[in-house]
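Novice: Could you put together the complete structure from these sequences and hints?
Respectively, the protein sequence lines represent chains A, B, C and D.
65 is the number of the first residue of the first sequence in the working numbering; add one for each residue after it.
65 is the number of the first residue of the second sequence in the working numbering; add one for each residue after it.
65 is the number of the first residue of the third sequence in the working numbering; add one for each residue after it.
65 is the number of the first residue of the fourth sequence in the working numbering; add one for each residue after it.
If you're looking for bench data, these hints aren't it; they were derived computationally from the structure.
Treat the hints with care, since some could be wrong.
Since the list gives no way to pick one copy over another, a pair counts as held whenever it fits inside one copy or between any two copies.
Below, a list of computed lysine-lysine pairs in the DSS-like style, where the Cα atoms sit at most 30 Å apart [unchecked claim]:
(1) LYS184 to LYS363
(2) LYS78 to LYS184
(3) LYS256 to LYS184
(4) LYS137 to LYS184
(5) LYS85 to LYS184
(6) LYS137 to LYS78
Listed below, chain by chain, are the residues.
Number of protein chains: 4
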Amino acid sequence: MFFASDNAGPAHPKVMEALVKANEGYAMGYGADPIMDAVRAQVREVFEAREAAVYLIINGTAANSVLLATMSKPWQTIFCSDCAHIHEDECNAPEFYSGAKLTLVPATDGKMTADDLRAKITGEENRGVHGPQRGPLSITQVTEKGTIYTLEEIAALTATAQEFGMKSHLDGARFANALTALDCSAAEMTWKVGVDTVSLGGTKNGALGVEACVIFDPDIAWEFELRRKRGGHLLSKHRYLSAQMQAYLADGLWLDMAQAANARCAQLAAGLRAHNGVTMLFEPQANIIFFEMPRREHKRMLDAGAVYYVMNGDPETGDADENLTGRLVCDWSMTAEGVDQFLTLLRG
Amino acid sequence: MFFASDNAGPAHPKVMEALVKANEGYAMGYGADPIMDAVRAQVREVFEAREAAVYLIINGTAANSVLLATMSKPWQTIFCSDCAHIHEDECNAPEFYSGAKLTLVPATDGKMTADDLRAKITGEENRGVHGPQRGPLSITQVTEKGTIYTLEEIAALTATAQEFGMKSHLDGARFANALTALDCSAAEMTWKVGVDTVSLGGTKNGALGVEACVIFDPDIAWEFELRRKRGGHLLSKHRYLSAQMQAYLADGLWLDMAQAANARCAQLAAGLRAHNGVTMLFEPQANIIFFEMPRREHKRMLDAGAVYYVMNGDPETGDADENLTGRLVCDWSMTAEGVDQFLTLLRG
Amino acid sequence: MFFASDNAGPAHPKVMEALVKANEGYAMGYGADPIMDAVRAQVREVFEAREAAVYLIINGTAANSVLLATMSKPWQTIFCSDCAHIHEDECNAPEFYSGAKLTLVPATDGKMTADDLRAKITGEENRGVHGPQRGPLSITQVTEKGTIYTLEEIAALTATAQEFGMKSHLDGARFANALTALDCSAAEMTWKVGVDTVSLGGTKNGALGVEACVIFDPDIAWEFELRRKRGGHLLSKHRYLSAQMQAYLADGLWLDMAQAANARCAQLAAGLRAHNGVTMLFEPQANIIFFEMPRREHKRMLDAGAVYYVMNGDPETGDADENLTGRLVCDWSMTAEGVDQFLTLLRG
Amino acid sequence: MFFASDNAGPAHPKVMEALVKANEGYAMGYGADPIMDAVRAQVREVFEAREAAVYLIINGTAANSVLLATMSKPWQTIFCSDCAHIHEDECNAPEFYSGAKLTLVPATDGKMTADDLRAKITGEENRGVHGPQRGPLSITQVTEKGTIYTLEEIAALTATAQEFGMKSHLDGARFANALTALDCSAAEMTWKVGVDTVSLGGTKNGALGVEACVIFDPDIAWEFELRRKRGGHLLSKHRYLSAQMQAYLADGLWLDMAQAANARCAQLAAGLRAHNGVTMLFEPQANIIFFEMPRREHKRMLDAGAVYYVMNGDPETGDADENLTGRLVCDWSMTAEGVDQFLTLLRG
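Specialist: Here is the structure:
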């Protein structure tokens, strides 16, 4: 009953096997390993983007920060949702790497609208050299609230950005979960709807720790490489990153894992909705659920061994009837039995 | 005959086994995994430092940069040798993380002397607010030239630093190689001779990618954690770092590997010295050799499949008699047969 | 009829005379001039703070940025109003100097409430190393909207900050205008209500270009000096800053000028209120007025030679009846006749 | 007998008059004042560069730092002499603004040679993404040692830089002193010999505090403006900078002042050379002299009221016969009588 995070589960055995297999003999370091050549080809094929620059990096904070720094200038502001990971959970890393600041677009259910984005962009208008200049847009897909932008919504956001000369980044820490939910191609969810760069997550979906940074405009690739190195994010024994990503993408493993996680989440959501006293906060479209339930119920579940975060209050102390928000995340390794166990327990 | 770098060899099977074993079930992320508790205890025992703060990070550039940033202020200068990795090979990462600059102390054979250090420290004297202020000292052990500071030499450097209120960092990317060469304890090579923080390398000595940052004064530990996170260097699935370090330190594996690498290097050095036309540039005290040899000889070796770096000229083009510098590095996995093969080839 | 900004007017003749007088003979540079000793004593007397560290700097952006950087860490967030100068008009300078980010507290009339501040502080709670850490609070007095915090309101804000271990900065670009409006002492408006550092403006109130940075806790003074120098803000011929501030503070000149500006603003506000079709947007408590008026009226005024900013639309183009926001600022040199001329013109 | 620094003397009366005259009525801020239009035209005429971008800033540290930041990237290294002001006397400001590091070229008499520059550039070759990348060259004219590059020497340096794709900056804190000594035009000393940007000093030569930043390639002008603002270096009451520079350049005042300073320096040097026990350290070609003299002689002069810096030892304490280095600087206001007084005193 472990629903705390999708970064707490194990790596997929095939990923681990690939790592073991890669550990043979000598290989040139720093991305010059032959596996990386294969990974580059795989990613380009997945994105139908033959010119794309492809780099690997250890985690999402680094992927986002180095990409956004490459896309922006220190006197600019990066537009993102007010609950974006880059704003709330990266301890100023994007600002550290880029020098830019963040402008927060309201996003109650995790999703910005093009209108709200436009309002924020034009709200800063006409200050000339005095105000921060307009930098890139960063879209999180799956959002932090477990919701998913439609392709039309992404297109509307990036079109708004383009209107003001701004590029668009997609924080895809849960890219595969969105892709499988939308049942579209990687190209359709990115450059075909105006996305310029992607942080393609592996870590939360069955890898040990690897993300691909995909840059559709190779002109900025060399700057990315220098920024990655300067941030201490170029690995010497790079083959261990390459091997993870190779196995992750091979034979659709990444999509299978995301589909499994989403399916478990749907099963869980259905059970929760059927339960008296539970309110869903957002439509769970991928592998994350936010729900409200009285404190006493949270306490009962946690005491019985369920593991998940209660966000806005101590489940141990306070009014037993008060509603608290819980977050449940399913990773690829969650089983239908695990979900059933949780739901059975919930029904008491 | 792969002597290009000690980051091009495989990880030790025991390290890989530990990784596979760690990949079971759920584990809290971001360093809260139980293996990290064991690693912390191991490192403290190795260093005989019960209060030391211990953190893991993916590579040496990150370890050095986050440690030095934690020890310095952006208006200071960090003293290091003029061939230090932090100066030459980290693409400004230490400056990026710290904001400080570097003051280069001459070090022909890779080793600074206390006198040269003092000259550089006092050479910047008396400028008050105008000049960079004195920041920490960074000592590389094993040096970039393959030489090793004696304990007395380290003590003299850190004492000089202390005299001016400066702390000392030890870049121990090849810490184990030095330790086994000096046949002393980790405590003797660090805090007992005045070292305040250590980058304890694993990557170059049989791990996939992990370094321990050891901070003897726990007062600055929280700042280190924030800087690590802000640099994108806190791993979510941290157990995979922990598992590597745990296996690396267990049962003296790290020392065994370093000893093997050093022994192969000694074997190689003996063979080189016996060869007509070869000049050793520095005393190879660990696992790195710099030597001069005519271009034609380099070309012959490389053509025959030896892999190593030629530093100051193209081995393919130019005067066949001109001496060029080669660098040979032995990692833990190099065999006596591999060295013999090289030497046999050299003898022609 | 120049109401565009209080930085567009001349310096007061007494300030200019002091500058001319200071231009005699030799004086040690970088703040070691004897006039600075006098200024330090003046500022300490004005603030009834005998230990305060006092520094001069050329403008408000620099004063705010260097002070806030000295009070914060690069992994923190600085709390300020959503219309603060440090957020909107300094092109990321506070972020550049500090490395920190800004958290915006809603402030419709320019003033944050302690409740809103608390909500923002606790809204970021419990993310440990992942989220930005709590940095200082920055209060703007007079606010960007021309309103003024009461002493009680400042005390409530700083008390809230203190509760969370946060220090408080006061951006006093129009400090004198607030002081004279509140009819209180500088001590009462600052450290007696919990303010730790002050940017004391001179530039907008009759100086050529000088602000005093006042630090009540001298422990951080040396860091301020280094940060000022590192930002290129330590003037060699510092006496010209000192002379301005000396004349500015002498014999209450600064308060006289602020009083004059505020009085002209009150006269102007009274006239505007009496005019049909004008709506005041905020209560003008110092020397700034925001008002709404139909586009046709703005156009008429501007065409007739009035100089001021129209904020949210082009006065030349668009629906003649549409209300647009105008901003009028009175500086010390504005005359009653100048105001009358504007009002007469307005009445048509 | 004040020879401590050329930033300790007064501003020229004509500069002060211009300042007083500029203090009339209203003027738009932030560089939109009409005087700045005149200054721009003056500077362009002086440099025979009709397209040059021209900006004013308060001091040399800021001028150098903002220019170099605009010319470089944070993963680069800036080449300069090992005694450059940007290295020794700006408390890391150039690194702060640019993110780049500095590579020091040896310069015993203050002047780099093209050969030494080339050796430093190529000494960092072939590290790819690992090493700092090549950034701009910064040349100091007059050098910190009081020597002057010939036009040929500058041309050789910038040609070497260009060969490696590097731009060249000229730190002209004492630009006028060099110009008048070389008896050439501003164009001949800058873009005609390959210089891309210039910090044109006013502060050390009769202004209160103003430098012009001259950028021959206007493509980077907007970035300069943003960086200046972000550094807090865009003055609101900008007319007071403009007025200084206007008067400074008008009717050759700047050259007259530099000529006077250089002439007094020549007079002083001749007297020193004639004095037994004095050794000149460098050829004083502008307005700065470094000389050696026994401690007892320094002490005698200082006790008698001469003001100058003794660089490498306490004149009060130590062996009376030991030679110590003194630095004498003549500013525009130094009189022949003042120099005579010093020399008479020296002769005893």
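Novice: Now, for every hint given, state plainly whether the structure supports it.
Specialist: Results for each hint:
1. LYS184 to LYS363: between (41 Å within a copy, 27 Å between copies)
2. LYS78 to LYS184: Neither: 45 Å inside a copy, 45 Å across copies.
3. LYS256 to LYS184: Cα proximity of LYS256 and LYS184: one copy only (25 Å, versus 38 Å across).
4. LYS137 to LYS184: both (19 Å within a copy, 28 Å between copies)
5. LYS85 to LYS184: neither (50 Å within a copy, 44 Å between copies)
6. LYS137 to LYS78: neither (40 Å within a copy, 41 Å between copies)
Of the hints listed earlier, those the structure fails to meet are numbers 2, 5 and 6, in rising order.
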